[in-house]
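Asker: Sequence:
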Amino acid sequence: MRLPIAALSSFLFLAGCATTVAPDDAGASRTVEGRIASIDTAPWAYDGNAVIVVATASSDVRVQLPARWNLCQAAAVDVQSLHTGDRVRATGSAGEAGSITVCGDPSHGVRRLD
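Mapping of the sequence shown onto mature numbering (1 follows the signal peptide of the UniProt record, and there is no 0): residues -22 to -1, 1 to 92, in sequence order.
Honestly, the hints are just simulated from the structure, not real lab data. Fair warning: there could be bad hints in the mix.
[Claimed, not checked] Pair by pair, the computed Cβ-Cβ distance ranges are:
(1) D92 <-> Y24: 16 to 26 Å
(2) D92 <-> D25: 17 to 27 Å
(3) G76 <-> G26: 11 to 21 Å
(4) D56 <-> E11: 27 to 37 Å
(5) E11 <-> V57: 30 to 40 Å
(6) Y24 <-> L91: 28 to 38 Å
(7) S7 <-> W47: 29 to 39 Å
(8) D18 <-> R90: 30 to 40 Å
Note that the coordinates shown come from a computational prediction; the quantities given were computed from them, not determined experimentally. Where a beta carbon is used, it is the ideal one built from N, C-alpha and C, also for glycine.
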């Protein structure tokens, strides 16, 4: 009876390894290009991150803009000059659920391409 239980346990273990999704490379630099779907600066009122949603060919990416630019290595993004529908390139650190945060490196930013 031990052999079937051991074999079943091994099978379940290997099956679990084969179906596990690898986590995102949190913190790695990531660049996306697409059109601005929305801009939400309301979180800045309570020290939260503003969010620009960039619609790419494959998905929508939430681009986080910190409230405290003075703590970032990246230059502040001129959000007032950006509008829904603008084509942009955003570079930042990869975060949860495919988001990126513009802050940790001087090369980070959001630039209009049109």
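Asker: Look at each hint and say if it fits the structure.
Answerer: Status of each hint after checking the structure:
| no. | hint | verdict |
| --- | --- | --- |
| 1 | D92 <-> Y24: 16 to 26 Å | 32 Å, violated |
| 2 | D92 <-> D25: 17 to 27 Å | 31 Å, violated |
| 3 | G76 <-> G26: 11 to 21 Å | 19 Å, holds |
| 4 | D56 <-> E11: 27 to 37 Å | 18 Å, violated |
| 5 | E11 <-> V57: 30 to 40 Å | 18 Å, violated |
| 6 | Y24 <-> L91: 28 to 38 Å | 31 Å, holds |
| 7 | S7 <-> W47: 29 to 39 Å | 18 Å, violated |
| 8 | D18 <-> R90: 30 to 40 Å | 18 Å, violated |
In this structure, the earlier hints numbered 1, 2, 4, 5, 7 and 8 are contradicted, and the remaining ones agree with it.
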